[in-house]
Amino acid sequence: MKLITAIIKPFKLDDVRKAISDVGVQGVTVTDVRGFGRQRGHTEIYRGAEYAVEFVPKVKIEIAVVDTLADQVIEAITNSAKTGKVGDGKIFVFDLAHVIRIRTNERDAQAI
Amino acid sequence: MMTTLLRPLIVLGLLTLAVPAVWAEDTPATTSSAAQTSAPAADTAAPAAADAAAAPAAPTEPQLIGTDKINSGDTAWMLTSTALVLMMTIPGLALFYGGMVRKKNVLATLMQSFAVTCVVTILWWLIGYSWAFTPGSAYLGGATRALLNGMTIMKDANKITVSHLALTIPETVYAMFQLTFAIITPALIAGAFADRMKFSAMLIFMSVWSLVVYCPIAHWVWEPSGWLAVKGVLDYAGGTVVHINAGIAGLASCLVLGKRMGYGREAMPPHNLTLTLIGASLLWVGWFGFNAGSAGAADGRAGMAMAVTQIATAAAALSWMFAEWVVKSKPSVLGIASGAVAGLVAITPASGFVGPAPAVIIGIVAGVVCFLAATSLKSALGYDDSLDAFGVHCIGGIVGALLTGVFASKEISGADGSVIIQLWGVGTTLIYGFVMSFLILKVIDMTIGLRVTEEQEREGLDLALHGERVE
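Line by line, the protein sequences give chains A and B.
Read left to right, the first sequence gives residues 915 to 1026 (our numbering).
Read left to right, the second sequence gives residues 774 to 1244 (our numbering).
Some clues are possibly wrong.
As the list claims (entries may be wrong) - Restraint-style ranges between C-beta atoms, simulated for each label pair: (1) Thr943(A) with Phe972(B): 21 to 29 Å; (2) Lys1004(A) with Pro1042(B): 58 to 66 Å; (3) Glu1184(B) with Glu968(A): 56 to 64 Å; (4) Val967(A) with Lys1183(B): 48 to 56 Å; (5) Ala966(A) with Gly846(B): 52 to 60 Å; (6) Asp928(A) with His1239(B): 35 to 43 Å; (7) Trp898(B) with Glu968(A): 38 to 46 Å; (8) Tyr1036(B) with Gly955(A): 38 to 46 Å; (9) Gly1222(B) with Val1007(A): 57 to 65 Å; (10) His1239(B) with Asn1019(A): 44 to 52 Å; (11) Ile1005(A) with Glu1244(B): 30 to 38 Å; (12) Ile1193(B) with Glu958(A): 42 to 50 Å.
As the list claims (entries may be wrong) - Some chain B residues near chain A, calculated using beta-carbon distances under 7 Å: (13) Gly909; (14) Ala1040; (15) His1044; (16) Lys1101; (17) Pro1104; (18) Leu1145; (19) Ala1147.
Claimed, not checked - Far from chain A, some chain B residues (derived; all Cβ distances over 10 Å): (20) Ala856; (21) Lys932; (22) Thr945; (23) Val1003; (24) Met1041; (25) Ser1105; (26) Leu1107; (27) Ser1149; (28) Tyr1205.
These are computed hints drawn from the structure, not numbers from a lab.
From a predicted model like this one, the values you see are computed outputs, not experimental measurements.
Note that beta-carbon positions come from the ideal geometry of N, C-alpha and C, so glycine has one too.
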């Protein structure tokens, strides 16, 4: 099993949700996050006082999948979240030790 | 610490440099200049003064007259104006300032405007109105209207009291109209010391300031026996009495209090410019009561005051916006709103004296000059005038007061402007206002303390002072 974590542009969230649903993903966790990458931040000016905003708002999605589905999901995210400009985000893939469904105590592949 | 205190003081000195020279000249007071005084509705007294031989002398104090002398049109407009000017402070100014502070201080900022409204109302009833708008001496009014004593209407006898400054409306309406000016002036100061003054200290400062600074200056400039009025200083709706006065008190308070913690190092962006734009818009609308209401009547001068107010405000909003666009590369919401307020401030003293073309010039100059004051001047001198009470109100007020001297039209107002005489008003207010504000603040600082603790300032005044917060 893999845990796929992707940092994407907030306005791409709906496109990504649709794309991963289409390849069979059953659930996703979404978090509003801030950070910086090569995109860097921007400058705000209020009555001449300049503030550098270093952290850019992003959305983080987390998806647990069986190994066979991982490449399809990664491809789906890549295709749907891409604009071609700096700041499109990154995908991190982790090995996932266990998954437990709390309601039924099902484990691993059955629990995804 | 000393240098940050000294540099603005030097500028203050430069601003008032012209004053001693003017004092030495000592323009003789003439009866014509007395008749030209700009107190709201003073023009009603002018024809009587000019025709003194034939008619009875113009009234010089509040008096009882027949109710048939009351003009219902004037009264209706002044009732409306009073409501408009109250709306400028609550919620106008409260929102304008509230949107500009950080989220942890928004309630405390709104609270300042609201509490000042309440406190000044009671003080005005107690003695403020009497000190400002009854004859007394050239320096302070008498106590005849303490507790609004004697202000009355007798239904069966068909008698009513009127102020000698507005003969066609009930004195009650005139007193409440002037009260709304007395409210907004101290409330404006709060912009300079936002985010760091104790609420208790603020209440005491505002109370003392209202009685010791506002009332005398209002008396000097607006009450016909006041010494600046006799000199011929023109201030139609309060550029000197309200804006220079509040702005210079703001400078004194940010110097005495010191900078906000983390000023210049931490980001302190406005938390909600939507509130600020709503506040600025309410100020703009309310200002029609402020300026056109200062006619004291529903007449042609009120109409002209309204027209020039609208035009100057638009010009200033645009000139600030374009100045910012050129210098900082983007036209900002805060910029255009600030420019509008700067224009409103600058046209205030001029509104009953100038026509539309000078209004455009006053607006353009005020927008650019206040933009520079709130950005370059402030950062060059290093004081933390948090919401630019000094940069917008004092500087804008000076621009307006001096340009009133340049552009005053005899045709519109019957008064000739003089920059030299205007300097008297500006310089006196700067010196008296700064010194008295500084002293009051120092005394409070040495007794109960002015500033919140570091922990309170870090936590935010909403929770620390009021036990409430917005989410």
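Hints versus structure:
A hinted range of 21 to 29 Å is violated for the C-beta pair Thr943(A) and Phe972(B), which are about 44 Å apart. Evaluation of the 58 to 66 Å hint for Lys1004(A) and Pro1042(B) yields a failure: the beta carbon distance comes to about 28 Å. Between Glu1184(B) and Glu968(A) the beta carbons are some 59 Å apart, a value that agrees with the proposed interval 56 to 64 Å. Between Val967(A) and Lys1183(B) the Cβ separation comes to about 54 Å, which falls inside the hinted range of 48 to 56 Å.
The hinted range of 52 to 60 Å is satisfied by Ala966(A) and Gly846(B), whose Cβ atoms lie roughly 57 Å apart. The hinted range of 35 to 43 Å is satisfied by Asp928(A) and His1239(B), whose Cβ atoms lie roughly 41 Å apart. Between Trp898(B) and Glu968(A) the C-beta distance comes to about 53 Å, which lies outside the given range of 38 to 46 Å. Between Tyr1036(B) and Gly955(A) the beta carbons are some 21 Å apart, a value that contradicts the proposed interval 38 to 46 Å.
Restraint check, Gly1222(B) to Val1007(A): a C-beta distance of roughly 58 Å satisfies the suggested window 57 to 65 Å. About 50 Å separates the C-beta atoms of His1239(B) and Asn1019(A), a value consistent with the hinted range of 44 to 52 Å. Distance hint for Ile1005(A) and Glu1244(B): a CB-CB separation of about 34 Å, consistent with the stated range 30 to 38 Å. For Ile1193(B) and Glu958(A), the hinted distance range of 42 to 50 Å is satisfied, since their beta carbons lie about 44 Å from each other.
At about 41 Å, the closest approach between the beta carbon of Gly909(B) and any beta carbon in chain A exceeds 7 Å, and the interface hint on this residue is violated. Annotation: interface hint on Ala1040(B) holds; nearest CB of chain A at approximately 4 Å, less than 7 Å. The beta carbon of His1044(B) is not positioned within 7 Å of any beta carbon in chain A (closest approach about 11 Å), and the interface hint is therefore violated. Interface restraint check for Lys1101(B): the shortest CB-CB distance to chain A comes to about 5 Å, inside 7 Å, so the restraint holds.
Given the 7 Å rule on beta carbons, the hint for Pro1104(B) is violated: about 11 Å separates it from the nearest Cβ of chain A. The criterion of a C-beta within 7 Å of any C-beta in chain A is not met by Leu1145(B), whose closest approach is roughly 9 Å, and the hint is violated. Given the 7 Å rule on beta carbons, the hint for Ala1147(B) holds: about 5 Å separates it from the nearest Cβ of chain A. Separation of Ala856(B) from chain A is adequate, the least Cβ-Cβ distance of about 31 Å exceeding the 10 Å criterion.
No beta-carbon of chain A comes within 10 Å of the beta-carbon of Lys932(B); the shortest separation is about 53 Å. Once the 10 Å rule is applied to beta carbons, Thr945(B) is consistent with being away from chain A; the minimum gap is 41 Å. With a minimum CB-CB distance of about 39 Å to chain A, Val1003(B) clears the 10 Å threshold, and the non-interface call stands. Chain A draws Met1041(B) into its interface by the beta-carbon criterion, the shortest separation being 7 Å against a cut-off of 10 Å.
A beta-carbon of chain A is positioned within 10 Å of the beta-carbon of Ser1105(B); the least distance is around 7 Å. Look at Leu1107(B): its CB is around 6 Å from the nearest CB on chain A, not clear of 10 Å, so calling it non-interface is violated. A Cβ of chain A approaches the Cβ of Ser1149(B) within 10 Å, the least distance being about 7 Å, so the stated non-interface status is violated. The Cβ of Tyr1205(B) lies farther than 10 Å from every Cβ of chain A, with a closest approach of about 28 Å, so its non-interface assignment holds.
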